[in-house]
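I would like the entire structure built from these sequences, with the hints used as guidance.
Chains A and B, in that order, give the protein sequences. FYI, the numbering for the first sequence is 1 to 450, going by UniProt numbering. FYI, the numbering for the second sequence is 1 to 450, going by UniProt numbering.
There could be a bad hint or two in this list.
It does not matter which identical chain is used: a pair holds within one copy or between any two.
[Unchecked claim] SDA-like cross-link-like pairs, simulated, lysine to any residue; straight-line CA separation at most 25 Å:
| hint | residue 1 | residue 2 |
| --- | --- | --- |
| 1 | K5 | E15 |
| 2 | K5 | E44 |
| 3 | K208 | V33 |
| 4 | K415 | E9 |
Treat the hints as calculated values from the structure; they're not laboratory data.
Protein chains: 2
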Amino acid sequence: MTPFKLTDELVNEIEQLIISQEDTKLNSLLEDVHYADVAEIINELNENEATYLIKLLDSDKTSDVLTELNEDVREAILGNMSSKEIAGELEELDTDDAADIIGELPQEIVQQVISEIEDREHAKDIVDLLRYDENSAGGLMAKELVKVHDSWNVLACVKEMREQAENVTRVHSIYVVNDDDILMGRLSLKDLLTAKNTSKIKDVYIPKVDSVNVNEKPEEVAKIMSKYDLEAIPVVDEIGRLVGRITIDDIVDVIREEADKDYQMAAGISQDVEADDSIWELTRARLPWLILGLFGGAGAAVIMGGFEEMFRQYTILFLFTPLIAAMAGNVGVQSSAIIVQGLANDDIKGSIGSRLVKEMLLALLNGVILAALLLLFTWVWKGDFLTALAISLSLIAVIVVAGFIGTFTPLFLHKRGIDPAIATGPFITTSNDIFGILIYFMIAKMVLGI
Amino acid sequence: MTPFKLTDELVNEIEQLIISQEDTKLNSLLEDVHYADVAEIINELNENEATYLIKLLDSDKTSDVLTELNEDVREAILGNMSSKEIAGELEELDTDDAADIIGELPQEIVQQVISEIEDREHAKDIVDLLRYDENSAGGLMAKELVKVHDSWNVLACVKEMREQAENVTRVHSIYVVNDDDILMGRLSLKDLLTAKNTSKIKDVYIPKVDSVNVNEKPEEVAKIMSKYDLEAIPVVDEIGRLVGRITIDDIVDVIREEADKDYQMAAGISQDVEADDSIWELTRARLPWLILGLFGGAGAAVIMGGFEEMFRQYTILFLFTPLIAAMAGNVGVQSSAIIVQGLANDDIKGSIGSRLVKEMLLALLNGVILAALLLLFTWVWKGDFLTALAISLSLIAVIVVAGFIGTFTPLFLHKRGIDPAIATGPFITTSNDIFGILIYFMIAKMVLGI
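What follows is the structure, encoded as structure tokens:
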């Protein structure tokens, strides 16, 4: 496969063809391009060009294109389409994708769009999905699945299955329900291929099937599916009725988004933004953390102000405040990152106490090594052993406390049910800056006997 | 589904049963436990208990358990097994998992283990896989797949397929090859279910199939599979011959590892470590970045030393060095994180120049807002407008430069083919600390006319 490459030339060519309205050429140029790639092209076009292209291309392709577009581009295009046209696109989509798109439409046209969907079963399924929280298994699942009753025989099952399979892009498992629609188990395609036509489903199905509750968090569903290597998982309601199915491709998106979110939080970016977002959006995501940092820095300045007299005498101590603050920040971020990641991957076992002891031993080991280096440097540079010793001993204390705060904070937040990822990045760096500087001056003062 | 929960009670119970050698109870207790959960239990046992359990349980279960264990636990258990026993486990595994385990065995027993595998076809496939780089599509793929020749008819194909499917856990697609084994296209199970028995494969197959080259990087494979929502992708060699297949569950692992790695790098952790690793392993991963930070701090101290005279007169400037350093670090980390993530997700389009201009405008906007706050604070606190102005103006300059460095560095590294993720975290904080402090003093000096 030659991978598709989005080039300026290609975008220009398409823009030219749109301007000169050469529909046949456009159609044949894009015919063999995957819908995900068409979406990448359209993301680069202006609103009118984008709308033109969506209206031109086949709706069984453009429906998939719509699901892959950037949210703002999709919003703009849908704003230029009639309710009937939008309904036509939704007709082609799986219920989960259709529900996601409806969820983004202005409230006043939702009713209209749904009433224009010709396939009433499809419309019903979409409406069912709308009532689930976006941030739950119900919000992820699709209604498309293949299910059979345990009272049927294999022949009836195959017949019914072929019919249902028409509407299901990928058949992973055939789910078996009883007459109350309660999920009982599953059949694999392989089993079905090898079973006798007259066998009862009751006698051949596998009475064990992983499933998730409709209220389960997406991250939990992701953990279950990736731990058990599942490609699809049925979703059941509170009394065990089969209500939908989640496939691994949606879970891959959840994992990516989750990872992106944690990464951004660690870097002090509080909303989901991308490099191509507007300066205003980027500022809104970044400024709050910077203001936090500013407050932290102002706090540090006030603390240092309290030691001003000492500094006139021991100016050298001043010179190392950025070093102390930086080390406190770095150690804090390292410790918290390991804990946050361990919590995300369910790797953290054992008590908080033993975890803290381990982290402080680790910090002590690192601290001693670093302090030895710093002692040597400062002694050689300034020739004053006692001051060098005071600075180095402070560094050890600061690193141990920074390790403690970095470990304790995410564990504490997690216990309280707060996402520990906020504890990495600016939050930990700022608090460690302040604590670090305070500890530094207090210990230095003690050692120097001021 | 009641999710499995690993508890101390369960581990204790199992340890007791192992000590009293109650094999029947152990077997029935673990019979219905998923292999991924059994692996979690065994990770908590000591070497002898773990080996006992692996030897006790059915090998079709323990082979899967082995693939899920922590690497050091698996190594210890395999060290207690004979070549014949190891070969017995490999016999039950898919070729990719078997090859991964063989790759971890000591060189001197590999030959012996392979010769003990009874299924010679399986052994041959495993040996084929051993020659691929772990960090490539070849290193990820399995040999298990269903392929048919384009010259066959549907009936022959179904017969052959049933036979092949015996060895394939999940059939996603049926790959179509010509007589030279060149990948031509695919058949979906659905198509096969609805095609006539006498049709030629040549006439019913889909002549378009995504594939990846055997030398492709795992991250690229992950991007392709998640972009195109694929659950499996065939792997071809340099001349297009079908050599293997990669499934989405392996890709989920790649995505998770990739995200973990970037996150750790941003936090200044240079190797793949987990919270439960030894203090020594954790130190090796963390100390190098801390030493870098120490050098940075020492550099900052030397720079500040050059301004020592100025400080005696304007001590207040000193008080804000931690604030300046922290802001430079935070802005740098934010900017670099957005670029690193954009590069990872292929979101970065356009020239480096326009990217830098945008980032500097953004930094300017943030800088002016933050400087206004700082001006107010310092003026009220110290009552000296000129000094407050000097500090605030410096802050703007520092933030703009920090944004520039944070944006430029990862873009530059990426152009040079170096993983830009190393540019986030300690690397950027440290260099921004130094530049920040230097700029701060120079500008403050200018404004105050010292």
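Evaluate K5 and E15 at a C-alpha cut-off of 25 Å and name the case that applies: within, between, both or neither. within (17 Å within a copy, 56 Å between copies)
Status of V33 relative to K208 across identical chains (alpha carbons, at most 25 Å): between (41 Å within a copy, 12 Å between copies)
Reference check for the pair K415 and E9, CA-CA at most 25 Å: within, between, both, or neither? between (54 Å within a copy, 21 Å between copies)
With identical chains, the pair K5 and E44 could be close in the same copy or across copies; at 25 Å between alpha carbons, which is it: within, between, both, or neither? Within. Shortest intra-copy distance 13 Å satisfies the 25 Å Cα cut-off; inter-copy 48 Å does not.
Hint compliance for this structure: no hint is broken.
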